[in-house]
Structures are given as C-alpha cells and as structure tokens.
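Colleague: Here are the chains, one letter per residue:
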Amino acid sequence: MIRFEHVDFSYGTSELMKDISFTINKGDFVAIVGANGAGKSTASKLCNGLLKPDKGDVFVKGMNTKTTKSSKLARFIGYLFQNPDRQICQTTIYNEIMFGLNYTIEDPSKRKAKCEAVLENFGFDGSKDPFNISRGERQRVALASILACEPEILILDEPTTGLDYRECMQIMDIIADLNQKGTTILMITHDMEIVQDFAKRVLVLTNGRLIGDGDCREIMTNRELLASTSVLPAQIPILSLMLGDDFQNVFSVEDMLERIEILIKKGGNN
Amino acid sequence: MSGFLDYVPGNSFLHKLNPLTKLILAFLLCVSCFISENHFFVIGIILLNLIMAASAGVFKRSVKMLKALIKFSLLLFVVQILFVRDGNVLLSLPLGIVITDLGLSFSLLFVLRLFAATMPLALMLSVTQMSDLSNVLVSKVGIPYKYTFVLTTAIRFIPLFSQEMSGIMEAQIARGVEFDTKNFFKKIKLLLPLCVPLLISSVKKIDEGAISAELRGFNLRQKNSGYKAYNFSGLDFCALLLMAASISCALFI
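Order-wise, the sequence lines are chains A and B.
The letter at position 185 of the first sequence is residue 185 when you use this note's numbering, and the numbering goes up by one with no holes.
The letter at position 75 of the second sequence is residue 345 when you use this note's numbering, and the numbering goes up by one with no holes.
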C-alpha cells in the first residue's frame, strides 16, 4: 500500500529524513515511534503527499506522491491530525461530516444517507456545534468525518494526545475495529501502552533514520534498540528489562505470569 | 520555521540603530516615495532598501517578499491602467477600454511605490526585537505600555497566524480539498470556509495570551518598569540626516 524507497527529506538546513526505506502492506497496523524531532510527522506527511521527498520516492497504491496531487491521494488516505481544531471548519457536526463526503460521493442522496449512518454510528447529534464540545468529542468528530469517506489507509498523528483514558479507548477501539475489517493503519504516538495493545508492527525513528522495523514484541523487548532511542516502553517490558535475563522477551501480563510459573517450578525442582 | 517578520540577530548598522530611529527611518522612507512623482527616485528607494537589507543579512528574505508581492502588484497594475483614462491614448481595446500614457505611468509608479513602501517596515521589524520596540515607544514616545503591547503582539501574531493557516490548509488538503489546484479563483473560494477554524484558534490564542499576561502582572507595568536605556548615538543622527536628504530629494526631484 505504502512504499518508501531511499527517501531523503530536509527542511532548510535540517535533515529530517535520511535514506528511509520500508513497505506497509494492506491490513497492517503500524506504529511509528521515536523522540520529538525524530521525523515521525514528516514520515506521515510524506505518505499523503503533503510533503514531497527531496530524494527517493514514496508510492501509495503504486502512485508516486511526487507526481500525484495530495487531494487525489486523499481519496485513499484518511489523515487524523493531532489537533482536531485545524480540521474542523463547519458550524454543525452534520456539515462537518458532509464536508469530506462532498468531495468523494457525487450522488447527494447517497451522501446524505452515508452522513446519517456515520452520525448514528458515532452517536452524534448532527445539529451540535463542533466547537462547543469537549476536546475528546472534537477528536471523535474529526475521526468520524474522515471515516465517512471510507479511506483504505488511515494515518493517525498522535490520536490520543490530550484525551482521558475513556476517550482514548473509544478512539482506539474504533481504529482497531477498522483494522480488523481491512483498513491499513499508520499511527504516530508517544504512548507505548497503546502501541503494545494495538500495533502489530513498529517502526523506530531517530534523527530521521529508521533504526528499527519489526513486530511489536520484537521491538519492545529489544534492549539495545530501546537504549539507543528516547522511547520508554510499556510497563511490562520495562519491568522485564529491570528483572534481568530470566525475564527476557516478556511482553505482556500473560507472558509475565507464564515466566514466573516456570521460574517457580524451576525453583521447586532445585 | 522562521516567518518573514521574525527578528534576525546581527551587528549591522541597522541593528545598532535606536529602535525609534529605525521606526522613523522606515516611516520617512515610505513618506518620501509617496511624495515623489519620479519613477527613478522610487526605484532608487527600492535599491536603497535592498542595499540596507543586504547589509543587515536579510537580502534573501527581502527578495522573497518582493516576489510574493509581484502577483498582487500585477493585479493592481492592470486595474489602475484600465481605470485611468486621462492622457494620450496608446491602445484602444474593445468595450471602450483605453490604455493611455498617463495611465501607464501612474500604474507603474503605483506598483513601484507599493514595492518601495512595503520593504522598509518589514526590514525594520527584521532588525528590531519586539520588546525593544515596545520599550522605546513607552520610554521615549510616552505611549502607554498597554497600547504598545497590542501593537507588538499584533505584529508578532502575523507569522503565527500564517503558520496556523498553513496547518489548517494541510488538514483540508488531507481531506480532499483541492488547495493544490493552480486555479487562483478556485483557491480563494476554497479558502473561505477556513476562516472559521482560523478565527476560533486565533481567539483562543489571544484569550490564553491575555490571561497568561495578566497572571504575570501585566497591569502592574509602568513607564519606568523597563531596565534598558535607549540612548541616541551618532549613528542615529547620520540615519536621520540621510532621511532628511531623501525627503528633500523627493520634494525637489
């Protein structure tokens, strides 16, 4: 679905991406992690053509982003920004959801039906002003207006920043459900609990370089890799790293219980 | 990301001038190009601006700003040339539209003035820290701090709003809005709905800024609260003499 081929990108004199290559396949749930300034948002904006690579190429569904308009790529790629206020531009939730549909569905009756289905699905009152609801609700409105267009790829730039646990889970459950149904997800986040719970694959960026690409367990339990970045893993991998070699590759609560059981048995035998 | 009004540190002649002198210099340069009816004099002012920009290390930025003005000035040029009907007719067009020598001369002078008058203020802001500008307006001119703060904050917010607008446009492009179209009029039409998020974010930013300033004792500030002295030096007098010469030239050429 998305292919980076030796991509370099710089802004002014700062080199934000250096020789990045990776492929994201259909149905993947990929998390991009790294410290602030590592190039995560740059990578995501390169995916939908908002930024064009200086060297190398980015392909989305076989289309080169250098030669394809971002507005055309938007038919396949939904992008949820960290700040929903930049996205919301209508005075009612109904109009906000219709806004994206106006560009993707030509038939007005189908458009209206789709909008009403989305409103019902998310439990929104369409007549409400999106600027008069909570931050979490606004994030859900922004997500709903993107999902109404049924993108094949969904890019999420820190979707849970500023949300409480309940709001965060509401958003992530919708995203996990979409991924189950075949939508490709690319998520940028600093929340490693979210990464561990939802992502299948993790890309690690540091200073514009891709230093890790593997499944979530592999990355989260890689001591050397984690030591070289400013990424703090989720609680269980941290605990396992602290407990030493006996707890190597412990990734989840289930893993931890299993390992403790093995160690107790081993202790009993000795 | 640096905006076109951001302060550029340096040690040039312009940097060393008193902020008030820089403000007067910019104002008099603008006035002189509106006094003069001579095209070459206005071109001279543009060149003087570019030389000053180069000496202050902001030449590229000034040229970039001039380039940004080209489209707008072309539009103004066309409008002016079509509406001035005095003088000898150079070209007759359908629908009774005529292009005259006076119209051509006036339109050209108008565009040159636009270039010449826009640069000094931007140049002055590039070489002056906003805090120095507001302090000098309080201590030397006697304007209450509240008003100078409003002025400097408004200037400071221009690049911020520009960045915010770029972010909003990016968000809308990502939703399929064709801002990447080359059709200028289509772009303008698409820009209108974006006024809502920009307005909302601006009001929020200003409101937060006002609360933050009040919490840090904004209202306690008085005329003598600033600790910096802004004395005039020989350089300032040289700059003012230069400006006096420029105004005289504008009056007599």
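Just so you know, not all the hints are guaranteed correct.
Calculated lysine-lysine pairs in the DSBU-like style (CA-CA distance at most 30 Å, straight line) [what the hints assert, rightly or not]: (1) B:K456 - A:K45; (2) B:K416 - B:K498; (3) B:K341 - B:K286; (4) B:K341 - A:K72; (5) B:K286 - A:K69; (6) A:K45 - B:K416; (7) B:K498 - A:K72; (8) B:K286 - A:K110.
In case anyone wonders, no lab produced these hints; they're calculated from the structure.
Colleague: All hints, please: hold or fail.
Modeller: Status of the hints after comparison with the structure:
{"no.": "1", "hint": "B:K456 - A:K45", "verdict": "holds (24 Å)"}
{"no.": "2", "hint": "B:K416 - B:K498", "verdict": "holds (18 Å)"}
{"no.": "3", "hint": "B:K341 - B:K286", "verdict": "violated (34 Å)"}
{"no.": "4", "hint": "B:K341 - A:K72", "verdict": "holds (27 Å)"}
{"no.": "5", "hint": "B:K286 - A:K69", "verdict": "violated (47 Å)"}
{"no.": "6", "hint": "A:K45 - B:K416", "verdict": "violated (41 Å)"}
{"no.": "7", "hint": "B:K498 - A:K72", "verdict": "violated (55 Å)"}
{"no.": "8", "hint": "B:K286 - A:K110", "verdict": "violated (66 Å)"}
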